[in-house]
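Residue numbers (the numbering used here), protein chains in the order written: chain A, 1339 to 1898; chain B, 111 to 436; chain C, 582 to 813; chain D, 332 to 422.
FYI, nobody ran anything at the bench for these hints, they're computed from the structure. Be aware that one or more of the hints could be misleading.
Derived, one-sided and incomplete: chain B residues facing chain A with beta-carbon distance under 8 Å [unchecked claim]:
#1 P117
#2 V135
#3 A171
#4 V203
#5 A206
#6 L266
Straight line, CA to CA, 20 Å or less: simulated DMTMM-like cross-link-like pairs of lysine to aspartate or glutamate [what the hints assert, rightly or not]:
#7 A:K1867 - A:E1368
#8 A:K1867 - A:E1367
#9 B:K225 - B:E417
#10 B:K220 - A:D1421
#11 A:K1867 - C:E610
#12 B:K220 - A:E1807
#13 B:K396 - B:E415
#14 B:K381 - B:E247
#15 B:K220 - B:E234
#16 A:K1867 - C:E613
#17 B:K396 - C:D653
#18 B:K220 - B:E253
#19 B:K225 - B:D306
#20 B:K225 - B:E253
#21 B:K396 - C:D735
#22 C:K714 - C:E724
Ideal Cβ positions, reconstructed from N, Cα and C, are used throughout, including at glycine.
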Amino acid sequence: MTEAVRAGDGGVLGERGELALHPPASYLEEGFTIRSWLTTRDHKRIAILYALSITLFFFIGGAAATLIRIELATPNGDLVSADTYNKLFTMHGVIMVWFFLIPSIPATLGNFLVPLMIGARDLAFPRLNLASWYIYVAGASFTVAAMILGGVDTGWTFYAPFSTLYSNTHVVWVLAGVFVVGFSSILTGLNFIVTIHTMRAPGLTWFRLPLFVWAQYATSAILVLATPVLAMTLVLVAVERLGGIGIFDPALGGDPLLFQHLFWFYSHPAVYIMVLPAMGVVSEIVACFARNPVFGYRTMAYAIIAIAMLGFLVWGHHMFVSGQSLYAGTVFSLLSFFVALPSAIKVFNWTATLWHGRITYEAPMLYALGFVGLFTIGGMTGLILAVLALDVHLTDTYFVVAHFHYIMVGGAVSAYLGGIHFWWPKITGRLYSDRWARFAAILLFFGFNATFFPQYLLGIAGMPRRYHEYAPEFQTLNVLSSGGAVLLALGYLLPLVYLSWSLVRGARAPANPWDATGLEWRTASPPPKRNFAAVPVVEGPPYAYRPSPAGIVRAREGTA
Amino acid sequence: MSALALPPEASTIAAHVDHLLYAVVGVTAAVTLAIFATIIAFAIRYRAGSAAPRAEDVPAAQARARRRVEAAWTLVPLALFVAAFAWGARVYVERALPPSDATQLFVVAKQWTWKLQHPGGQREIDELHVARGQPVELVMTSEDVIHSFYVPAFRLKQDVLPGRYTQMWFTATETGRFHLFCAEYCGTDHSRMRGDIVVMEPEDFARWLEGHRGASGMAAQGEVLFREYGCSGCHATQPSAQPGANASVHAPSLAGLYGRPVPLADGSVVKADERYLRDSILLPDKEVAAGYEAIMPSFAGRIGEDEILELIVYIESLSDTKGRPQ
Amino acid sequence: MKTAGAQALSTVRTAATRPRTARRPRVAEQFETAVQQRAAATLGMWVFIATETLFFGALFFAYAIARIQAPDDFAQASRHTNLVLGTANTAILLSSSLFMALSVRAAALGTRQAAVGFLVITAALGLSFTGVKLAEYALDYREHLVPLVDFAFDPRHARGALVFFGLYFATTGLHLVHLSIGIALVLGLAWRLLARRPGASAEHVAIAGLYWHFVDIVWIFLYPCLYLVSRA
Amino acid sequence: MRGDRVSAYVWTWLGLLALLAASCASSFVPLGRLNAFVNVGIALAKALLVALVFMHLRRDRPIVRLVAVAGLAWLALLFGLSLADFLTRGP
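Given the sequences, and given the hints that come with them, work out the whole structure.
And the structure:
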């Protein structure tokens, strides 16, 4: 065995593993002009470009959500017209799904961390990576153009024949936007798959990979295999809308359920595109702050792959009352239970990772624990929806709305924020105020539950989704939900403030502020352009938090 | 409102759905709380600096623990899942198969109203009167986009598609007014596409039917259309009678057709149900009956959805297997 | 077990000592070796092909469902496609694949001239395919088979035939776009090989070859779906 | 690709042309629904030839073969599970 490196020393590996006193310039100092950013091929800088873009869209989509919640405070449509309301929820869905959630963790944290975690200098195709971002921007432009032209009222699901024949809004612009942004996802996925396959550092075997990398790998596979189907489906919608070729509209000889099959073939796995990376982030954080190896590491890795694959077999559970055949509905219900199993196992394993730990509760850990709680509720209610007879009553009601917000917002967004807080020192080289961050995490947790838990009850009571006006008996729960949304909105603004503040006034971050394992912590914060001064060689399993030498625990308490 | 904010339970199937719901929510809630309790217990007991004993070698301790728990927490959920699936599927199938004595009612959805028609010819808009205790089967179609017929109090929902019929059935158990919602987003006034299901005692319902009787029943109206559209020129409607006036045309007789298997020209056999009759009117070349030529003109674009339904009810009335009162 | 509370690691090789031999293909900064670079490029192209498989596959699926809905209309419509031109074009494309494969082989063996020659033949065959296809479009136009522009068909089968020809133009058009990209790629590569420019190695020819063959495979499936629905 | 013989390529090409001829000829034989299956079968055979010989799949790394199969396998999922609906509709 060669020389081992001590973690938590705050030092940086030099050319031959010695601690360098004068580390090379960080990637942030490689150029300061706008041009240097817009022409960069550095995966870390591209991650920052993505982070800025998706943050912008997160707040646009959030503004739409805020208006929706205000409108729903009363049963009558008194704030906006029915058409405006329909355009608002369409915009909210389209933006949050394709311009925030799908790229959120992969394109920002994934882009930044995958090469660092596997000890590579960059992704396999850096130019393609930059191209992905430009494609994202192009797709975003089409979508913004549709908004400026007057919006779209089809809902993010674009169900035919409403989208192909009956909607009088700028559907084709949004189709173009989503079509284009799909290729951004595909190219990111392609880049990750090739990178993880061919560029791992010496000794970094598959079962030494951090679970975050496993999750990115599985997500990439979904991106590459599902997104093209969506792309073609959107083309066919446009062909029918513009050319009158009857693919989906029965009046022209098409079949509207064909659209739903094609759409959900992508859009159900898309849920796993959003939540698998979140699971990866949470595994990293829970292990680090419990100071324990992830319980059942191999099982966790297999579960990620199982979810990615089984996720492709269950799309028909969105169609139990659609007119799909009885036989198909039954098959899809059974398969849906199977995909729940690996998810359940993951929750059990995160819980068990806490066992015998030495847990501390910095902000990232609070977000991660929030994820586990909210994801569990979202997953359990997903099981309820997989039960055929219950889905008949609950589908297309607020129960479904609450369910997928628990998974996508309570789950994916919590994990995204947790990940941002966890790796913020690495990305920016600055420390933020842990006190404010913990306050925001707790506020978001309660705000989220206040907003979305009442929606489960609304769904059970029978309130359909996408309703601009509703029966008066639903008002109490709607007011509760809207009240919670105020807390939630405040909670999302807080990180924007204190994280920005840290960029100006935050203390300089050491290379490894959390005493975490993983190669990304073995280089400076922020890392130099080429990530590592020397190619690291890995000689042991991941998450080697135990046995924990006393020195490291002391060092942690010193930095706290 | 009952526990869980459920709406009133007003159909036979609603009770079955609610039992299932209570069971599934009960089990998932119990498991969720157990997980949360464990997380909180571990979070407190194993906080940094606590005196709780820890294993010397945590990876080894984890490996030992896994052998004890992993099989259990994989197999127990799996068993629960299969049970939930089977129970849910049973009620789902029950929902799909109407009893043979169900009265057929007809629903045509259109942005943004529900048009409903009783076999006796009574028409209603955004309101449907039914009798308590009488099984009702809805035959539904849409004139434009996809809608969804949702009655929370019955725990039933079925998408209503253009270009084909979807079915749903229920037996109301409580009298009163219950919400009817459109549950599939259908455009501007989707949220106003609401109505009421009015469940009445059978004798009140009979009075209501009497008071709203139209000029004639659906079958009779269909018979008029059958002549107006010229169908009677070619198709016979009496079992042993001569073909229609236009005797030179060789067309299948419609007497006793409904519900029977029909051999097709391409060798396959289909059941003469609502779908087949509808497609034969609109797309006559699609499934040509064996022994006949594909000479019937298509009526697509010339005939409304409610007229097709009346024609179908008329053709049904020519059959013994499911004759309808006129 | 390591004593350090971290994923055990050490460093042996440094950037300075990374093997940078005098091999011809340049190794980009992010890669360690030319072998790694080639593995990445090949795998990348195959992942791209997998994506494209699903992209075209969804279109084939829509075709399949539409055909199940209106089998007779599709049969009638298919008889109006030009079987002679379609079959000839298939043969042209299959032959182009032969020359593409020969070019990849020649490039791998280092016979530059042969590689360039085969590439040019490949591109020429691709261009003739394009020419025939465009001529066929012109004939389709004359027979009033172009939806949106000029479409007239036996009214008994017009509904399904419109869908058929909509899909016909969508699929062949999309294929033609892919083929045109392939032709540009192949010609560019031939020129750079000839001029001994950077960015043209045996590896590049091999990657372009994979793409070319994939576009060929798409046509292999389009041919029976469009031309051979019913000729009996 | 270095190891392949020219003759292997030429034989493959001849095989492809023969299959093309067979495919075209078979469509003139009235087999009913079987025609479609024959056509798809021949197309699969041609695609397999191109993939294995021209695209060197038969001797490429396992991961590359896995990726190639994955594309087809996922397409089969789309067809298979959707047809579970389309082919079992009706009463």
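Consistency of the hints with the structure:
{"no.": "1", "hint": "P117", "in the structure": "holds (5 Å)"}
{"no.": "2", "hint": "V135", "in the structure": "holds (7 Å)"}
{"no.": "3", "hint": "A171", "in the structure": "holds (6 Å)"}
{"no.": "4", "hint": "V203", "in the structure": "holds (7 Å)"}
{"no.": "5", "hint": "A206", "in the structure": "holds (5 Å)"}
{"no.": "6", "hint": "L266", "in the structure": "holds (6 Å)"}
{"no.": "7", "hint": "A:K1867 - A:E1368", "in the structure": "holds (7 Å)"}
{"no.": "8", "hint": "A:K1867 - A:E1367", "in the structure": "holds (9 Å)"}
{"no.": "9", "hint": "B:K225 - B:E417", "in the structure": "holds (12 Å)"}
{"no.": "10", "hint": "B:K220 - A:D1421", "in the structure": "holds (18 Å)"}
{"no.": "11", "hint": "A:K1867 - C:E610", "in the structure": "holds (11 Å)"}
{"no.": "12", "hint": "B:K220 - A:E1807", "in the structure": "holds (19 Å)"}
{"no.": "13", "hint": "B:K396 - B:E415", "in the structure": "holds (19 Å)"}
{"no.": "14", "hint": "B:K381 - B:E247", "in the structure": "holds (19 Å)"}
{"no.": "15", "hint": "B:K220 - B:E234", "in the structure": "holds (13 Å)"}
{"no.": "16", "hint": "A:K1867 - C:E613", "in the structure": "holds (16 Å)"}
{"no.": "17", "hint": "B:K396 - C:D653", "in the structure": "holds (8 Å)"}
{"no.": "18", "hint": "B:K220 - B:E253", "in the structure": "holds (5 Å)"}
{"no.": "19", "hint": "B:K225 - B:D306", "in the structure": "holds (12 Å)"}
{"no.": "20", "hint": "B:K225 - B:E253", "in the structure": "holds (11 Å)"}
{"no.": "21", "hint": "B:K396 - C:D735", "in the structure": "holds (15 Å)"}
{"no.": "22", "hint": "C:K714 - C:E724", "in the structure": "holds (15 Å)"}
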